[in-house]
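Let the hints inform the model, and build the full structure from the sequences given.
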Amino acid sequence: MSSTELQGLYQQVILDHARERHGFGLAAAADAQSHQLNPTCGDEITLQLHLDEVTGVITSLGWEGHGCAISQASASLLSDLVPGLPVAGLTERIDAFRVAMRSKGTIEPDEELLGDAVVLGGTSRYIARVKCAMLAWVAAEEAVLQLTER
Amino acid sequence: MTTTSLVDSLSPAEVDRLRLDFPVLGERVNGHPLVYLDSGATSQKPLSVLDAEREYYLHENAAVHRGAHTLAALATERFEDARTTVARFVGARDDEIVWTSNATEGINLVAYAMGNASLGRGGAAAARFALGEGDEIVVTEMEHHANLLPWQELAARTGATLRYIPLADDGTLRLDEAAAIIGSRTKVLAFTHVSNVLGTINPVAELVGLAHAVGALVLLDACQSAPHLSLDVVSLGVDFAVFSGHKMLAPTGIGVLYGRRELLNALPPFLTGGSMITTVTMQGAEYLPAPQRFEAGTQKVSQSIALGAAVDYLTAVGLGRIAAHEAELGRRLVEGLAAIDGVRVLGPGVGHERVGLASFDVAGIHSHDVGQFLDDRGIAVRVGHHCAQPLHRRFGVVSTTRASTYLYTTTDEVDEFLAGVAETVTFFGAHA
Numbered sequence: 538m539s540s541t542e543l544q545g546l547y548q549q550v551i552l553d554h555a556r557e558r559h560g561f562g563l564a565a566a567a568d569a570q571s572h573q574l575n576p577t578c579g580d581e582i583t584l585q586l587h588l589d590e591v592t593g594v595i596t597s598l599g600w601e602g603h604g605c606a607i608s609q610a611s612a613s614l615l616s617d618l619v620p621g622l623p624v625a626g627l628t629e630r631i632d633a634f635r636v637a638m639r640s641k642g643t644i645e646p647d648e649e650l651l652g653d654a655v656v657l658g659g660t661s662r663y664i665a666r667v668k669c670a671m672l673a674w675v676a677a678e679e680a681v682l683q684l685t686e687r
Numbered sequence: 220m221t222t223t224s225l226v227d228s229l230s231p232a233e234v235d236r237l238r239l240d241f242p243v244l245g246e247r248v249n250g251h252p253l254v255y256l257d258s259g260a261t262s263q264k265p266l267s268v269l270d271a272e273r274e275y276y277l278h279e280n281a282a283v284h285r286g287a288h289t290l291a292a293l294a295t296e297r298f299e300d301a302r303t304t305v306a307r308f309v310g311a312r313d314d315e316i317v318w319t320s321n322a323t324e325g326i327n328l329v330a331y332a333m334g335n336a337s338l339g340r341g342g343a344a345a346a347r348f349a350l351g352e353g354d355e356i357v358v359t360e361m362e363h364h365a366n367l368l369p370w371q372e373l374a375a376r377t378g379a380t381l382r383y384i385p386l387a388d389d390g391t392l393r394l395d396e397a398a399a400i401i402g403s404r405t406k407v408l409a410f411t412h413v414s415n416v417l418g419t420i421n422p423v424a425e426l427v428g429l430a431h432a433v434g435a436l437v438l439l440d441a442c443q444s445a446p447h448l449s450l451d452v453v454s455l456g457v458d459f460a461v462f463s464g465h466k467m468l469a470p471t472g473i474g475v476l477y478g479r480r481e482l483l484n485a486l487p488p489f490l491t492g493g494s495m496i497t498t499v500t501m502q503g504a505e506y507l508p509a510p511q512r513f514e515a516g517t518q519k520v521s522q523s524i525a526l527g528a529a530v531d532y533l534t535a536v537g538l539g540r541i542a543a544h545e546a547e548l549g550r551r552l553v554e555g556l557a558a559i560d561g562v563r564v565l566g567p568g569v570g571h572e573r574v575g576l577a578s579f580d581v582a583g584i585h586s587h588d589v590g591q592f593l594d595d596r597g598i599a600v601r602v603g604h605h606c607a608q609p610l611h612r613r614f615g616v617v618s619t620t621r622a623s624t625y626l627y628t629t630t631d632e633v634d635e636f637l638a639g640v641a642e643t644v645t646f647f648g649a650h651a
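Those protein sequences? They're chains A and B, same order as listed. The first sequence begins at 538 in my numbering and counts up one residue at a time. The second sequence begins at 220 in my numbering and counts up one residue at a time.
Derived from the structure by calculation, the hints contain no laboratory data. Possibly wrong hints are sitting among the right ones.
[Unchecked claim] Residues from chain A that keep clear of chain B, each with C-beta distances beyond 10 Å, as calculated:
1. 552
2. 558
3. 580
4. 606
5. 624
[Said to hold, decoys possible] Across the chosen pairs, the derived CB separations fall in these ranges:
6. B:375 <-> A:632: 29 to 37 Å
7. B:491 <-> A:632: 30 to 38 Å
8. B:642 <-> A:652: 28 to 36 Å
9. A:544 <-> B:378: 55 to 63 Å
[Stated by the list, open to error] Some chain A residues judged to face chain B by a derived CB distance under 10 Å, without partners named:
10. 546
11. 555
12. 556
13. 561
14. 570
15. 572
16. 579
17. 581
18. 593
19. 596
20. 601
21. 609
22. 663
23. 664
24. 665
25. 666
All values reported here derive from a predicted model rather than from experimental measurement. Every residue gets a Cβ at the ideal spot worked out from N, C-alpha and C, and that includes glycine.
Encoded structure:
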């Protein structure tokens with residue numbers, strides 16, 4: 538039997554997202570694209586943002602990559618969260634997610650802002666796994682930077 | 220090919236007694252007794268090694284090879300005694316043992332010294348180490364990055380070409396290819412004795428034969444063999460060999476470069492500075508013979524002494540018996556893993572020779588998740604690419620989980636690990 542801590546890390550929602558990866562697949566072109574690599578484990582992700590030029594709202598997030606259950610679920614949950622957000626709204630959510638991830642379990646992620654992605658909160662107790670959860674969000678952050686700098 | 224040991228293994232009672240020398244093995248992790256299966260990354264240290272380092276600092280600490288006071292002489296004696304102990308351990312002469320920080324530094328030392336020779340340093344005596352366009356450096360596809368990148372860099376600096384001996388599907392080297400690759404252009408052959416991922420024991424004699432037939436130098440990475448197998452560098456016939464203390468019961472920060480005396484004395488230095496010269500002027504310097512010519516600056520004295528104590532410990536138990544014990548554990552690991560659905564072991568299969576480690580892939584489960592699940596029950600394994608990305612690419616995986624044993628590992632621990640892996644599959648697989 539595994540500990541309650543481990544079950545907190547690998548919640549059912551996370552295992553489901555790791556298997557049924559939402560947003561998986563890349564388009565031939567995107568408004569912004571970022572590739573991130575975690576050199577310690579070889580995990581990588583390529584992430585794209587698609588924008589409605591008129592409203593400035595992000596219409597979809599697509600990604601491809603490989604990695605552990607945490608990193609895959611995190612990208613999948615992020616792709617559920619993003620559609621319909623303005624760029625600044627995504628930045629706000631990335632910042633909130635990072636604060637929770639760096640809190641070593643002391644800050645509960647804000648469900649208002651992060652939706653289902655709050656299930657990743659348990660990861661912050663496992664310092665070595667925080668970068669797994671952050672990988673997709675770091676890619677999204679870099680993609681946002683491309684959008685705001687152009 | 221199956222292994223038949225001519226030497227008795229360690230009995231369970233003996234292993235239990237040895238474990239008492241390693242207090243850390245009594246730790247509890249996440250509410251469970253620690254099951255340490257990461258000795259391939261770094262070994263645990265016995266009390267006698269910790270005591271040797273402490274005793275040195277308590278009673279004998281002084282600068283070695285300088286100063287005339289009593290403690291300085293005593294410290295120098297301890298430092299050089301440790302060198303003698305390590306030299307005997309691998310069948311070398313005292314002056315053929317160079318202290319390094321670790322095996323990585325040892326390989327870099329040789330590669331950079333050859334680079335210096337390629338620039339003309341060391342004069343005519345060092346010409347045999349010089350590389351240039353048209354020359355070839357040969358490694359293998361199973362190398363740890365430490366025995367790959369220094370050669371990539373040396374090739375880039377000198378214009379030489381780096382080639383590699385490919386791997387067969389069973390994790391052994393393609394010797395037919397080796398015979399075709401190693402030729403008149405080959406200047407250096409560098410390969411690992413035992414793969415840190417596959418557990419394969421490479422045929423040193425055959426490879427040395429191929430290299431020496433064409434006048435090439437041979438460097439052996441003995442990181443995964445020196446701690447586990449009886450090693451005799453002279454009978455192996457290698458020109459250089461490196462290993463790290465921390466994988467063989469000693470502290471971090473100490474490693475060994477073995478080189479044949481005539482080679483070391485012809486090789487130009489890598490790091491230069493204090494304690495490695497005969498005369499210095501404002502224009503140049505004359506260097507001491509080996510090993511001092513490669514030991515510039517303040518040395519790793521307490522670590523060397525501790526490595527000497529580690530070698531004494533290993534010798535007292537007996538390398539033959541340690542190897543036999545670990546071969547049994549390796550068999551148990553590979554047979555147990557092969558019996559779990561979805562698990563694929565890299566390297567030699569059931570019934571084939573391997574050391575006491577096994578790396579494996581679990582279908583659909585990332586190695587970090589496997590490692591996390593095992594850690595939850597106190598089982599420490601290595602996950603990732605184990606500093607061997609080309610090897611993993613060769614087998615079509617990004618990362619693996621590795622369990623590696625040592626003299627203090629019990630069969631019960633291996634069984635607990637195997638049960639843990641089986642449950643990992645259930646835990647992550649049950650949600651399909």
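Consistency of the hints with the structure:
no.	hint	in the structure
1	552	violated, 4 Å
2	558	holds, 12 Å
3	580	violated, 8 Å
4	606	violated, 5 Å
5	624	holds, 31 Å
6	B:375 <-> A:632: 29 to 37 Å	violated, 42 Å
7	B:491 <-> A:632: 30 to 38 Å	violated, 50 Å
8	B:642 <-> A:652: 28 to 36 Å	holds, 32 Å
9	A:544 <-> B:378: 55 to 63 Å	holds, 57 Å
10	546	holds, 7 Å
11	555	holds, 8 Å
12	556	holds, 7 Å
13	561	violated, 15 Å
14	570	violated, 21 Å
15	572	violated, 15 Å
16	579	holds, 4 Å
17	581	holds, 8 Å
18	593	violated, 36 Å
19	596	violated, 30 Å
20	601	violated, 14 Å
21	609	holds, 8 Å
22	663	holds, 7 Å
23	664	violated, 12 Å
24	665	holds, 8 Å
25	666	holds, 7 Å
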